[in-house]
Amino acid sequence: MNKIENVSRRFVLKGAAATGGLVLATSVGMRRAMAETVDLSYKTGASAMPHGVVTNPKVFVSIAPDGMVTIIAHRSEMGTGVRTSLPMIVADEMGADWTRCHVQQAVGNEEKYGNQDTDGSRSTRHFLIPMRQIGAAAAAMLASAAAKRWGVDVKDVKVENHEVIHVADGKKLGFGELAAAAAAEPVPPVESLKLKDPSEFRYIRKGKVQIVDLHDITTGHATYGIDAKLPGMKFAVIARPPVVGGKVKSFDASEAMKVPGVEKVVEVKGWPWPSVFQPVGGVAVVARNTGSAIKGREALKIVWDDGPNASYDSAAYRTEMQDAARKGGKVVRNLGDADAALKSADKVITGEYYLPHIAHASMEPPAALANVKDGKIEAWACVQSAGGTRDTLAKTFNMKVDDVTVHPTLLGGGFGRKSKCDFVIEAALLSQAVGAPVKVVWTREDDIQHDFYHTVSFERIEAGVKDGKVVAWKHRSVAPTIGSTFVKGANQQIPIELGMSFVDVPFNIPNIRCENPAIDAHTRIGWFRSVSNIPHGFAQQTFVAELAHALGKDQKEMLLELLGTEGPIDPRKQIDGQLWNYGEPYESYPIDPRRLRGVVEHVAEKAGWGRTVPKGHGLGIAAIRSFVSYIATVVEVAVDDKGNITIPRVDTAIDCGSFVNPERIESQIEGAAVMGISVAKYGSLTFKNGRAEQGNFDTFQVARIDDAPGQTNVWIMDSGWTLPPSGVGEPGVPPFMPALCNAIFAATGKRLRTMPIGDQLKA
Amino acid sequence: MLKLRVNGTEVSYDGDPSVPLLWVLRDELGLTGTKFGCGAALCGACTVHLDGQATRSCTLQVSDAAGHAITTIEGLHPSGDHPVQKAWREANVPQCGYCQAGQIMSAAALLAQNPHPKDEEIHEAMSGNICRCGCYKRIEQAVRVAATGV
Chain A
1 MNKIENVSRR
11 FVLKGAAATG
21 GLVLATSVGM
31 RRAMAETVDL
41 SYKTGASAMP
51 HGVVTNPKVF
61 VSIAPDGMVT
71 IIAHRSEMGT
81 GVRTSLPMIV
91 ADEMGADWTR
101 CHVQQAVGNE
111 EKYGNQDTDG
121 SRSTRHFLIP
131 MRQIGAAAAA
141 MLASAAAKRW
151 GVDVKDVKVE
161 NHEVIHVADG
171 KKLGFGELAA
181 AAAAEPVPPV
191 ESLKLKDPSE
201 FRYIRKGKVQ
211 IVDLHDITTG
221 HATYGIDAKL
231 PGMKFAVIAR
241 PPVVGGKVKS
251 FDASEAMKVP
261 GVEKVVEVKG
271 WPWPSVFQPV
281 GGVAVVARNT
291 GSAIKGREAL
301 KIVWDDGPNA
311 SYDSAAYRTE
321 MQDAARKGGK
331 VVRNLGDADA
341 ALKSADKVIT
351 GEYYLPHIAH
361 ASMEPPAALA
371 NVKDGKIEAW
381 ACVQSAGGTR
391 DTLAKTFNMK
401 VDDVTVHPTL
411 LGGGFGRKSK
421 CDFVIEAALL
431 SQAVGAPVKV
441 VWTREDDIQH
451 DFYHTVSFER
461 IEAGVKDGKV
471 VAWKHRSVAP
481 TIGSTFVKGA
491 NQQIPIELGM
501 SFVDVPFNIP
511 NIRCENPAID
521 AHTRIGWFRS
531 VSNIPHGFAQ
541 QTFVAELAHA
551 LGKDQKEMLL
561 ELLGTEGPID
571 PRKQIDGQLW
581 NYGEPYESYP
591 IDPRRLRGVV
601 EHVAEKAGWG
611 RTVPKGHGLG
621 IAAIRSFVSY
631 IATVVEVAVD
641 DKGNITIPRV
651 DTAIDCGSFV
661 NPERIESQIE
671 GAAVMGISVA
681 KYGSLTFKNG
691 RAEQGNFDTF
701 QVARIDDAPG
711 QTNVWIMDSG
721 WTLPPSGVGE
731 PGVPPFMPAL
741 CNAIFAATGK
751 RLRTMPIGDQ
761 LKA
Chain B
1 MLKLRVNGTE
11 VSYDGDPSVP
21 LLWVLRDELG
31 LTGTKFGCGA
41 ALCGACTVHL
51 DGQATRSCTL
61 QVSDAAGHAI
71 TTIEGLHPSG
81 DHPVQKAWRE
91 ANVPQCGYCQ
101 AGQIMSAAAL
111 LAQNPHPKDE
121 EIHEAMSGNI
131 CRCGCYKRIE
141 QAVRVAATGV
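Line by line, the protein sequences give chains A and B.
The first sequence begins at 1 in the UniProt record's numbering and counts up by one.
The second sequence begins at 1 in the UniProt record's numbering and counts up by one.
Take these hints with a grain of salt, some might be off.
Computed cross-link-like contacts, DSSO-like style, restricted to lysine-lysine with a CA-CA straight-line distance of at most 30 Å [stated by the list, open to error]:
| no. | chain 1 | residue 1 | chain 2 | residue 2 |
| --- | --- | --- | --- | --- |
| 1 | A | 750 | A | 553 |
| 2 | B | 3 | A | 229 |
| 3 | A | 469 | A | 750 |
| 4 | B | 118 | B | 86 |
| 5 | A | 681 | B | 118 |
| 6 | A | 269 | A | 376 |
| 7 | A | 258 | B | 3 |
| 8 | A | 148 | A | 158 |
| 9 | A | 615 | A | 762 |
| 10 | A | 264 | A | 301 |
| 11 | B | 118 | A | 642 |
| 12 | B | 3 | A | 264 |
| 13 | A | 229 | A | 373 |
| 14 | A | 327 | A | 466 |
| 15 | A | 488 | A | 400 |
| 16 | B | 86 | A | 206 |
| 17 | A | 208 | B | 86 |
| 18 | A | 615 | B | 118 |
| 19 | A | 229 | B | 86 |
Since the hints were made in silico from the structure, they are not lab data.
Given only the sequences and the hints, what does the whole structure look like? Please build it.
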């Protein structure tokens, strides 16, 4: 298991990967001359990611003679707005007029652009400073070119609104006029750059820039992976082994070949379990259109070998997990002596919680177009990791990376599923087999039945109370690990899972013990938006409310009492192995309960915590640090006499440090509440005989417009530029479900410990 | 050979007449603005207008679409400035954007028949369209904006 200790989500151990000689790479942590109000001295984990950071303006910015500025977006757009936000940072810092900027998506090439793994809520966190440096360097080169042309000192010119201006006499040169000369300027060293004072920002934090794809999205012209086109392309769907680890025993394609439009039936290579990001194999039907391919697939006769997971039964597995949680297991954090403190406590309170598997179900299912020709691969795909996809394709097909081109399209949702490039490899295998470009589309059933599922989890927490104070906290978490998708037999949570609202519990309690009993995985486990923070956080924050009730305290006051008033807590020495701090250095991103207090107090005030609510309504609160951001949510729920739930209002306060695009932060948090509703009300993927029992949106339901909150208020904590930026895309999800269930308890007196809610209130 | 009228233009299709209209639009005619989401009329991503009615193209046999006026998102307005499209942009509705063509087509059909829908009517008309990003609040707001004029 040592091999998977220090992993990025891509599970690549490249460490401080070398960057090419042509590019100027830097750690983002360098201190330099800067405006006093901006603290840029923080270090992030960016340079430890595969291929780190590149800040060469010549890689990211080009200017046409007509003045049009093209800025590279090197991260994938799946709805967070990153394709707009990062280029906007460059534009602002370089003094460009946004209406004269064009965003161009980078192909997969991490040597050139730096890390492209768009996951972990990392893009702004890792690239705010690099993007500013790129913009500042571009501005410096424009200024230098203008100063030379005028024969003046560069100190006498300024860059503003797409022009360089000679301050003394007001003469101007446009970016277009300077394009060629600026491009010939040497790239200034990062240390020499002077970044703008935030008061000079025109776009950053203003919330007025709309996403660059807005017009295309609303007119049907935006291109997702499923929309990619090539002349002569074929369309394919694949029948995959219904059980993870299974394979094709035999098949008969004769009926499928009779379906009009079907051109070929091809067996697809599958990799043995655990197959990492590789295809699981199956039988593909290639046709003139996807509709014909689907009909052809229905006519296939396949005999499967179900393999080692054929008896996976999620109901029986729940009992197995529960037994493991009651028995105990590997100690992963130990502070003081929780067992002794529990023994001598006046009162012991116990809570057990179960959360099922969930499928990602992005609206665009996995889809990719590939063309394998003349020893080269070109692919278009909705991938979160364009660079990683390219590397995996090259390795799989035994080609040089230079012979592989991956064009990341827009992603119709990602949520972690599209970090895996199995579907792109499928398309390439099929293109190679049929000698034409092939687009593979996953149907909804494919997506739900062959997902890299969010883990199922059983959580047990015990707390000891003495003299009215919580003196012991003992949390056991049992869940099949993401590690099992990579390493055969992995049966304990890995650091990235342990570090998500489990061993990093932010409470000031003198005795803390976290245990992780082992459990084998029987399906593919992946990461789903906010990952283990969902089960761990649900248990932790529901249990706080249970404590409050048991001790006759207010939920919010209980939460504040546990958080305490002290500064950062440092559990690193109490942990078995390394604390995974979302890949960030602890010094820049400590666990600071005071920031959680901040969002709790802020959201409580804004939501009117303690206000009188109508009959059948209730208020619930939860606060979770995830992706190094601090979030608190208050949910107001209404439960009618039939047990139906509606949510009149949600308030969320987020402290994500320095931020760039408040409008997109709001949209992420609004959306996270809806995703939280899906998870809480409906989200459940069950298995019988190794097979997923759900297949489409009728059996795997997600929130619809009627489920959405009546009102969602987002409160962004404004700490100026004094704190480093932290995650936004994922942190909104975890606090929602416990806040909702705590609200349901307030409304009905019913404590929900098993998710989803389903019909539990209808009894 | 099937003849179809799509966005005011007559086109022909010589393949299997029993495949869903969706795949003919997308794979045969290259009109990829209409999206696949479920293949079972459960999510609304594939919504087009058939003689002005919001219709799920993923379960409609292409042969059944012949003889009707088919409108896709690409043909909703020549410059993309249908009031619903404008309202969607004004309200910054999309996140990933994938479901939005279907949402817009549902909303446009609703407003064509009921220019001033009540909130319950908006919910009813839009409840067949799933947005996994969870943009519902803004969708509702945009429909109201479109109804009152942009």
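Just pull the numbers of the violated hints for me, sorted ascending.
none
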